[in-house]
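Starting from the known structure of chain A, arrange chain B on it as the hints suggest.
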Amino acid sequence: MLLWIVVIIVILVLGWLWMAYNGLIKSRNRTDEALSDINVQMKRRFDLIPNIVEAVKGYAAHEKTVLEDVTKARTAAMGVSQNDLNGLAKADNQLSATLKSLFAVAENYPDLKANQNFLQLQQELVDTEDKIQASRRFYNANVRDFNTEQQVFPTNLFAKALGFSAKTFFEVDNEAAIAEPVAVKF
Amino acid sequence: MYTAITQNKVKTVVLMIGFVVFIVAFGWILSLAFNRPGLLVFLSVFAIVYAIFSYYSGARMALALSGAQPIVKADAPELYRVVENLSITAGLPTPDIYIIDDPAPNAFATGRDPNHAHVAVTRGLLAMMNETELEGVIAHEMSHVGNYDIRLMAVVLALVTVVSLISHWFLRMSFFGDSDSGGDNNGALMIVGLIAAVVAPLVAMMLQLAVSRKREFLADATGALLTRYPEGLASALEKIATYTKPMEHASTATAHLFISSPLGNRGIGGAIASLFSTHPPIDERVARLHKMEQAV
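Protein sequence lines correspond, in order, to chains A and B.
Take 1 as the starting number for the first sequence in the numbering used here and just add one per residue.
Take 1 as the starting number for the second sequence in the numbering used here and just add one per residue.
So that you can see chain B by itself, here it is in the shape it has in the complex:
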């Protein structure tokens, strides 16, 4: 378990370094395209400041976006106990617990480290799950916390936002910007810049999705290890799969945080859907959990 944590921390750092390189390269192309060296400095500083800001406030934003309300023990004692007990099993501090007033069954964990972790579940989840299933779901979320997935995802979210923001800017500037700065001699660079601006957010998004899908499998496995009962999570996932309506506060920005996609787009099949979905298909996750069941 502790090795997964180290791997995740290393990955986070690598990702951040890669991101800085990426932004600087991107800024360099842009500054060449617009013939303004100052742009590189400005972009780099802006990107770093913005990334730090979103790293620290990302959790609050995610909670606000999904309409999660903090609760105290008296509001949902069973849920509270399950979270407390699984925190003990995982050797983590008890996270803040939130409830989302939504009939769709779903849950997510966010934060930047186990000391600043938040776990949110929907009312629909509480209503639909029995105790072992709820334990399975919470164990999955606690695994995200314990494995430092929440930090990795917070960083990924921050980076993806910055990349898409900058490319947005660039596209605006290149279409509506003042004509005297660029000039025709930068035509080729302008095209490179345009391509970069279009491709960058796509690449960033694919990265976000790929990272998130891998995390889900790992959290399923670690969660099963925590409860020693993979069937609990498996049957919870099966129940979640039967509910096909999207969540009321579903948003693509936070979709990757949830235990199952809150967007409810289970109709689209094929390779494209799997390329752009934040979560591996539930059948595959259930199948893997069943396999674990035989191994335990």
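Bound-form chain A, shown alone:
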């Protein structure tokens, strides 16, 4: 009798372990997929940047520093490893900032502002930026769910032993820098 009770308890515990383990795997894969979504959008932005730099060059060739900054920031961001979240976030913010100053420069060139090609590129870049933000949010939501799943009792007792660890949020590391208006130098 006692033996049976023990057997049943063991089966229940094993069954539960099995489900919890699969659940964690599922969440982890979801998070990884979400991260790749961010990369897809970033890639789209990298592809757009040379075009916009070319478009601006035609009208404002002597705004060299701004153009160079954008190109440099793009190269730097492309070089960051996909798994280095902190580096990615930083590079991404850098790129956003240089793009903002590029658009600010464009304000001084009425012909450029009226150029259809430029306008379309600008719109697409802004849209891509929104999409990066959106995919970042999705990623963070998944990280939150994944981390919660690991940290609740009693999963937390064995999550580490099974090789799961908390993922970090894709955060904008310096909120103050974003709120600050972009300095435009001429």
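Check each hint, because a few of them may be wrong.
To be verified - When the alpha-carbon atoms are kept at most 20 Å apart in a straight line, the in silico SDA-like pairs for lysine to any residue are as follows: (1) Lys214(B) x Val203(B); (2) Lys73(B) x Arg44(A); (3) Lys26(A) x Lys73(B); (4) Lys239(B) x Arg123(B).
Think of the hints as simulated: they come from the structure by calculation, not from any bench.
Frame of chain A, contents of chain B only:
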């Protein structure tokens, strides 16, 4: 978020099983009342086939009934972007987007799963809302998609239609049917059947309404979570509330799909109105969103 999805999927299955039991029981009573055992088989087969059919074509019917036209990105780029971006945030494929040529502000989502989802908004909504409000509304609709509300509602709609169709039949048959089949010995059963025929569609409708009202609160909450800005949806709902005229293509069949009732019957007060309305009162929804605002 994923738990809400599982709950909804389970609910859908439970609902479908309950429906099959209901139809079989109903068919059984009818077959006894008319003394025709074949009726039970026929009704069951018919109900299942019809339910499957309406499950797959329900979305198209709802879109056609409301006069929604599909658009491409160039037709309404802002709307398109908002939908695209919120789909990304929610981790869903971008749904098909439709516009309804109607001055009343409203929107709805339909389909059977996120891969076959459709979101429709009226021209009035596009004209009246600013960007954050539009985001709030679209986030609400995307929540319906993501939570599998659209599937639940599609199933509910299919079931309600079948139940009302069958009871319609029964009533017709009992009044105009041939007299030799029944006979007086089934009088008591006939009465039971009649009562069932009258009550069934009412019960089905109440179920539809109850399900739909609960979904609205949940979609408001999930939508607020998506945008992290409950105020957007709150102020959109307030704007929608100020517009009291009904939609041009308003229909009771699709009313439960919309973000706010398209029928414009905001005059009726009291418990009866709330029992038969597809949506919770807007003030209550706004109040709940304001409460969330403090929590975020």
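Each hint tested on the structure:
Distance restraint check for Lys214(B) and Val203(B): the Cα-Cα separation of roughly 17 Å lies within the 20 Å cut-off, and the hinted pair is therefore satisfied. Distance restraint check for Lys73(B) and Arg44(A): the Cα-Cα separation of roughly 18 Å lies within the 20 Å cut-off, and the hinted pair is therefore satisfied. A threshold of 20 Å between alpha carbons decides the hint, and for Lys26(A) with Lys73(B) the separation of about 34 Å lies outside it, so the pair is violated. Pair hint Lys239(B) plus Arg123(B) holds up; C-alpha atoms about 14 Å apart against a cutoff of 20 Å.
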